[in-house]
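Engineer: Work out the full structure, taking the sequences as your base and the hints as a guide.
Below, each chain spelled out in residue letters.
Number of protein chains: 6
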Amino acid sequence: MTANATTAEIRQARFDHGMDVLTRIDGESGQKVIDSLADISPELGHQVVAWAFGDIYDRPGLAPRDRQLVTLGMLTALGGCEPQLDVHINAALNVGLTPEEITEALLHSAVYCGMPRALNATFVAKKVFGERGLLPVTSR
Amino acid sequence: MTANATTAEIRQARFDHGMDVLTRIDGESGQKVIDSLADISPELGHQVVAWAFGDIYDRPGLAPRDRQLVTLGMLTALGGCEPQLDVHINAALNVGLTPEEITEALLHSAVYCGMPRALNATFVAKKVFGERGLLPVTSR
Amino acid sequence: MTANATTAEIRQARFDHGMDVLTRIDGESGQKVIDSLADISPELGHQVVAWAFGDIYDRPGLAPRDRQLVTLGMLTALGGCEPQLDVHINAALNVGLTPEEITEALLHSAVYCGMPRALNATFVAKKVFGERGLLPVTSR
Amino acid sequence: MTANATTAEIRQARFDHGMDVLTRIDGESGQKVIDSLADISPELGHQVVAWAFGDIYDRPGLAPRDRQLVTLGMLTALGGCEPQLDVHINAALNVGLTPEEITEALLHSAVYCGMPRALNATFVAKKVFGERGLLPVTSR
Amino acid sequence: MTANATTAEIRQARFDHGMDVLTRIDGESGQKVIDSLADISPELGHQVVAWAFGDIYDRPGLAPRDRQLVTLGMLTALGGCEPQLDVHINAALNVGLTPEEITEALLHSAVYCGMPRALNATFVAKKVFGERGLLPVTSR
Amino acid sequence: MTANATTAEIRQARFDHGMDVLTRIDGESGQKVIDSLADISPELGHQVVAWAFGDIYDRPGLAPRDRQLVTLGMLTALGGCEPQLDVHINAALNVGLTPEEITEALLHSAVYCGMPRALNATFVAKKVFGERGLLPVTSR
Numbered sequence: 001m002t003a004n005a006t007t008a009e010i011r012q013a014r015f016d017h018g019m020d021v022l023t024r025i026d027g028e029s030g031q032k033v034i035d036s037l038a039d040i041s042p043e044l045g046h047q048v049v050a051w052a053f054g055d056i057y058d059r060p061g062l063a064p065r066d067r068q069l070v071t072l073g074m075l076t077a078l079g080g081c082e083p084q085l086d087v088h089i090n091a092a093l094n095v096g097l098t099p100e101e102i103t104e105a106l107l108h109s110a111v112y113c114g115m116p117r118a119l120n121a122t123f124v125a126k127k128v129f130g131e132r133g134l135l136p137v138t139s140r
Numbered sequence: 001m002t003a004n005a006t007t008a009e010i011r012q013a014r015f016d017h018g019m020d021v022l023t024r025i026d027g028e029s030g031q032k033v034i035d036s037l038a039d040i041s042p043e044l045g046h047q048v049v050a051w052a053f054g055d056i057y058d059r060p061g062l063a064p065r066d067r068q069l070v071t072l073g074m075l076t077a078l079g080g081c082e083p084q085l086d087v088h089i090n091a092a093l094n095v096g097l098t099p100e101e102i103t104e105a106l107l108h109s110a111v112y113c114g115m116p117r118a119l120n121a122t123f124v125a126k127k128v129f130g131e132r133g134l135l136p137v138t139s140r
Numbered sequence: 001m002t003a004n005a006t007t008a009e010i011r012q013a014r015f016d017h018g019m020d021v022l023t024r025i026d027g028e029s030g031q032k033v034i035d036s037l038a039d040i041s042p043e044l045g046h047q048v049v050a051w052a053f054g055d056i057y058d059r060p061g062l063a064p065r066d067r068q069l070v071t072l073g074m075l076t077a078l079g080g081c082e083p084q085l086d087v088h089i090n091a092a093l094n095v096g097l098t099p100e101e102i103t104e105a106l107l108h109s110a111v112y113c114g115m116p117r118a119l120n121a122t123f124v125a126k127k128v129f130g131e132r133g134l135l136p137v138t139s140r
Numbered sequence: 001m002t003a004n005a006t007t008a009e010i011r012q013a014r015f016d017h018g019m020d021v022l023t024r025i026d027g028e029s030g031q032k033v034i035d036s037l038a039d040i041s042p043e044l045g046h047q048v049v050a051w052a053f054g055d056i057y058d059r060p061g062l063a064p065r066d067r068q069l070v071t072l073g074m075l076t077a078l079g080g081c082e083p084q085l086d087v088h089i090n091a092a093l094n095v096g097l098t099p100e101e102i103t104e105a106l107l108h109s110a111v112y113c114g115m116p117r118a119l120n121a122t123f124v125a126k127k128v129f130g131e132r133g134l135l136p137v138t139s140r
Numbered sequence: 001m002t003a004n005a006t007t008a009e010i011r012q013a014r015f016d017h018g019m020d021v022l023t024r025i026d027g028e029s030g031q032k033v034i035d036s037l038a039d040i041s042p043e044l045g046h047q048v049v050a051w052a053f054g055d056i057y058d059r060p061g062l063a064p065r066d067r068q069l070v071t072l073g074m075l076t077a078l079g080g081c082e083p084q085l086d087v088h089i090n091a092a093l094n095v096g097l098t099p100e101e102i103t104e105a106l107l108h109s110a111v112y113c114g115m116p117r118a119l120n121a122t123f124v125a126k127k128v129f130g131e132r133g134l135l136p137v138t139s140r
Numbered sequence: 001m002t003a004n005a006t007t008a009e010i011r012q013a014r015f016d017h018g019m020d021v022l023t024r025i026d027g028e029s030g031q032k033v034i035d036s037l038a039d040i041s042p043e044l045g046h047q048v049v050a051w052a053f054g055d056i057y058d059r060p061g062l063a064p065r066d067r068q069l070v071t072l073g074m075l076t077a078l079g080g081c082e083p084q085l086d087v088h089i090n091a092a093l094n095v096g097l098t099p100e101e102i103t104e105a106l107l108h109s110a111v112y113c114g115m116p117r118a119l120n121a122t123f124v125a126k127k128v129f130g131e132r133g134l135l136p137v138t139s140r
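Each protein sequence line maps, in turn, to chains W, X, S, D, V and Y.
Heads up: the first sequence begins at 1 in the UniProt record's numbering, then just goes up one per residue.
Heads up: the second sequence begins at 1 in the UniProt record's numbering, then just goes up one per residue.
Heads up: the third sequence begins at 1 in the UniProt record's numbering, then just goes up one per residue.
Heads up: the fourth sequence begins at 1 in the UniProt record's numbering, then just goes up one per residue.
Heads up: the fifth sequence begins at 1 in the UniProt record's numbering, then just goes up one per residue.
Heads up: the sixth sequence begins at 1 in the UniProt record's numbering, then just goes up one per residue.
There's no promise every hint is true.
Since the list can't tell identical chains apart, any single copy or any two copies may satisfy a pair.
[Claimed, not checked] Calculated lysine to aspartate or glutamate pairs in the DMTMM-like style (CA-CA distance at most 25 angstroms, straight line):
no., residue 1, residue 2
1, Lys32, Glu43
2, Lys127, Glu43
3, Lys32, Asp16
4, Lys127, Glu9
5, Lys32, Glu82
6, Lys127, Glu28
7, Lys127, Asp39
8, Lys32, Asp20
9, Lys127, Glu100
10, Lys32, Asp58
Derived by calculation from the structure, the hints in this document are not laboratory data.
Structural biologist: Following this line, the structure appears as structure tokens:
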């Protein structure tokens with residue numbers, strides 16, 4: 001922030017910063033979510049970008065791959081978050097998790113969330129990996 | 001209830017009363033849910049009408065628009081209730097909540113339920129508002 | 001297990017045993033889930049078979065129909081488990097629960113999980129019963 | 001319902017009938033819940049009795065022990081329902097489920113809800129069984 | 001924001017603004033939550049204040065009492081949020097909801113979340129109302 | 001497994017192996033959970049040890065610290081798992097996550113699960129860190 005920043009300028013700067021972080025992690029799929037909010041709740045789009053990515057994701061205390069591990073755990077446990085799992089399994093690959101680590105994390109989730117949540121998340125991974133030419137995954 | 005009410009008559013009267021309340025709030029979409037239960041669980045349909053609408057919704061202690069605000073919060077938080085959100089976002093409009101209030105309530109839900117639940121509910125609102133010619137919504 | 005069992009042999013024996021139990025309860029639909037995991041997480045498929053069915057389902061302390069009653073309650077309460085409800089409503093029929101008992105269990109779930117979960121589960125039952133020629137169900 | 005039933009009389013009759021069912025299943029612990037609601041939400045107490053027990057529990061389509069199996073599954077899956085699990089593990093014993101069947105049902109829940117939910121529910125069973133002199137339970 | 005605002009100044013200004021909103025709604029109980037985070041996660045405290053209250057709660061699109069209705073619905077549905085229900089039932093009273101409206105909203109929640117969630121939330125209301133001398137509540 | 005392994009010997013070997021893994025990760029707190037199950041559901045204790053730890057935790061495809069990141073995400077999202085969070089925040093420290101990484105992971109959870117779940121988990125971390133002399137944690 002430079003001199004004479006107005007509330008509107010601060011708001012725009014927070015958004016721009018968040019969009020940089022979002023693009024780095026999610027690539028195009030994050031942008032698509034924001035675009036799809038434009039006519040129904042642009043403010044929700046703004047908060048996803050400026051707050052979730054600009055304020056939280058960008059913090060240095062946890063590596064990007066570690067954030068995705070936590071995120072995969074949460075989205076699997078919550079249930080009903082298949083669209084978000086799609087985005088974040090892509091993000092997990094983008095920030096350096098391997099397909100094997102991702103499927104292993106989802107297998108691990110069976111212990112804490114039970115088989116249905118683990119299965120639903122794994123089938124989203126199957127879709128994403130298929131789209132990126134990463135099938136088959138061979139666990140040991 | 002008039003004289004000589006039998007159990008069957010009381011049951012029918014409770015249903016008729018509930019259907020009046022349901023129609024007032026949900027319009028046709030409530031009736032469709034009841035119809036779709038006819039061959040699998042007519043009793044569940046009866047209980048939705050006679051109990052949920054006839055006994056609970058009709059109580060005077062909370063205004064219809066206030067009931068829909070609570071309901072939108074619950075359905076968003078529960079997750080996996082997209083069909084019910086569709087019915088109740090329509091209901092919310094029917095009882096006087098504005099599109100702006102509804103999207104604001106769903107934005108507010110991000111604080112308590114997290115972004116995925118807020119996003120999923122907002123995309124249901126986008127579908128409903130689109131069907132009713134209410135897009136775009138302009139939040140401040 | 002006979003003499004000279006290696007780790008790999010024990011693993012195979014646990015899988016084979018689990019597959020017997022799975023087939024007895026779920027018929028073909030269980031096998032389909034395992035097959036669909038082959039290229040994404042064969043280990044998750046192994047654990048569903050060897051652990052969930054071989055170790056837990058096969059235990060004598062609770063009758064197969066009773067296990068399905070508990071399972072229907074859990075899957076309804078969890079939400080977002082429609083694919084698993086499909087498999088287990090089929091399983092419930094396979095192990096001797098009647099359509100009337102299943103819809104009654106799902107009606108009962110409204111008391112503890114609320115109407116949306118009860119409705120979502122009941123519509124899965126409608127699909128399954130329809131596929132098996134069991135509609136209409138007539139509750140009293 | 002006899003002749004000249006007023007709305008108030010019907011309401012009272014529904015409550016009295018529900019209280020009979022509640023007492024049969026839950027014994028004193030159900031009554032305690034109703035009493036504890038008297039100064040905060042007597043209507044919620046009325047609905048638990050008149051609707052949940054009078055209308056739903058009393059239906060003949062599912063045996064009382066079967067209803068408790070479904071209920072144990074739901075309460076375990078929901079999480080955060082330890083007070084209700086206490087009431088319903090007692091109820092399960094009252095309607096004829098054995099301690100072994102109850103712990104087996106909670107073990108079974110690990111497959112669908114994961115270990116934390118199974119553990120939390122099992123520790124409630126430990127408390128209830130301890131109060132009723134039913135420990136230790138010996139699973140095979 | 002005035003001229004020459006640095007990132008640190010903007011951060012402080014966002015916090016100060018959020019604390020004004022928080023105090024207006026939650027009174028002292030909000031401050032207590034922030035204080036209790038000081039030695040474990042001051043950043044979480046900052047985000048509750050600066051983001052949840054400063055950015056979201058302060059928006060004009062939904063009246064404070066309406067935000068509490070949505071919030072009560074969400075916290076009841078989520079389960080396991082008794083500490084937050086305590087804060088927000090207090091907040092609901094602070095912004096003008098009556099005890100009767102609050103208990104009616106929690107009764108209404110039984111339709112969507114089931115009896116256990118409705119009961120757990122109602123018992124938190126009983127505690128809060130008791131502390132504020134608002135018992136008994138008389139529903140019609 | 002060596003020659004002539006019987007079913008009972010295989011069962012014991014799986015348990016012994018799991019107990020090694022459990023002790024390495026959870027130290028004494030894991031053992032306490034198993035002990036507390038002895039008189040109510042020894043089989044649940046067996047499955048936690050032999051399956052969750054022996055079969056799943058021991059797999060090489062995901063580092064122990066990564067498993068705890070996923071686990072913290074799941075337990076936070078599930079809600080009502082405070083006892084398990086206590087065990088696993090201890091485990092996270094045992095396998096090399098720093099207090100700063102743990103609190104950052106829980107801050108991150110606010111984005112996906114909302115503030116109440118993030119707060120509840122953070123207060124468990126405060127308790128555990130306090131017991132281990134790790135307070136205050138200073139986030140940047």
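Engineer: Each of the hints needs a verdict: does it hold here or not?
Structural biologist: Against the structure, the hints come out as follows:
1. Lys32 x Glu43: within (15 angstroms within a copy, 29 angstroms between copies)
2. Lys127 x Glu43: The answer is between: 18 angstroms across copies meets 25 angstroms, while 30 angstroms in one copy does not.
3. Lys32 x Asp16: within (16 angstroms within a copy, 34 angstroms between copies)
4. Lys127 x Glu9: neither (40 angstroms within a copy, 32 angstroms between copies)
5. Lys32 x Glu82: both (16 angstroms within a copy, 21 angstroms between copies)
6. Lys127 x Glu28: For Lys127 and Glu28, the Cα distance is within 25 angstroms both inside one copy (17 angstroms) and across copies (23 angstroms).
7. Lys127 x Asp39: between (28 angstroms within a copy, 11 angstroms between copies)
8. Lys32 x Asp20: For Lys32 and Asp20, only the intra-copy Cα distance (14 angstroms) is at most 25 angstroms; the inter-copy one is 35 angstroms.
9. Lys127 x Glu100: Only inside one copy: Lys127 and Glu100 sit 15 angstroms apart there, 35 angstroms across copies, limit 25 angstroms.
10. Lys32 x Asp58: within (20 angstroms within a copy, 28 angstroms between copies)
In summary, the one numbered hint that this structure violates is 4.
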